Each structure stands twice: as C-alpha cells, then as structure tokens.
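Following full-length UniProt numbering, the numbering of the sequence shown begins with 1 at its first residue and continues without gaps.
Some hints could be false.
Using C-beta positions, here's what the derived DEER-type ranges look like [stated by the list, open to error]:
(1) PHE96 x VAL59: 18 to 28 Å
(2) ALA95 x ASN50: 24 to 34 Å
(3) GLU118 x ARG53: 37 to 47 Å
Simulated from the structure, these hints should not be mistaken for lab results.
This one's a predicted model, so the numbers in the text were calculated from it and none came from an experiment.
Cβ coordinates follow ideal geometry from the N, Cα and C atoms, glycine included.
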Amino acid sequence: MGEVISSHTGMGLTSRQAAALAAITEHVALHGVMPSRRTLAKALGCNPNNAARLARALVERGELNAVSQGGALSGFGSTGVAVFVPPHLAALLAAFCVENGERLTSVVADAIALHLDELGGETDEATVSGDGAEVQP
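Could you build all of it, start to finish, from the sequences and the hints given here?
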C-alpha cells in the first residue's frame, strides 16, 4: 500500500487516492463537472477501471458522496445535505480549495455559518428531522 495521507475524516488517503481527489477537484474547477473515467484515468496515468476503483474508494472514505456509472458527482463529503451550486461558483470554490489545500465541505460549512452569523436571527436551535430540519425559535 502507498503512503497514507491524513484526511479531515481521520480515515486517511493513500497517495493515489489523494492524487485522484486532486485530479477530480481540478477538473471540476476547470470545467464545472465531474471528469469521466477515461479523463480521470488519463490525468492519473492509469486505465479507466483503476480510475473508477479510485473514485469508489474516495466515496467509501467519505471524500465524495457518489459517483454514478456515467461519472456524475453528487457532491463532496460524507454527511450533510445536497445543495445546488451553479457551475461557475462550483468551479471557483473547487479552485480555491485546491490552491489552499482546503476540503470543499469545510469551506462551504464555514462560509454558510459565517453568512448566517452575519445575518443574525432569532432561531435558537435547529435539529435534523427526517429529510429536513426542525427549527425551534
């Protein structure tokens, strides 16, 4: 097994998995969409089956939410809710994360928390409830 790289999830990534995540993030930053298996394989210098295996490993480690057979990415991170981010903002966000060595989920969570703090409000508590959230004023 290759060198293990520390991850915010605590599970760690091999150097190949980290390279795959970096290639995926860079592709999303440049194009606003998930790379195909063939494109990811070319970026990593491996065959498409190995690229698919690396993407599945990233899903198992919680670095990606889901990769469809066609290569569609539903999101980064293992927990939370899926939200739509326009492609141009997703690309800027992914580029920022690559340049600063930040996890996309951490940057998004921090940005949302900061924005909500700046807005203020009277909500004391919100808890996850089924597919949504229950808010107690």
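Okay, the hints, checked on the actual structure:
no.: 1; hint: PHE96 x VAL59: 18 to 28 Å; result: holds (23 Å)
no.: 2; hint: ALA95 x ASN50: 24 to 34 Å; result: holds (26 Å)
no.: 3; hint: GLU118 x ARG53: 37 to 47 Å; result: holds (43 Å)
Going down the numbered hints, you'll see the structure goes against none, and every one checks out.
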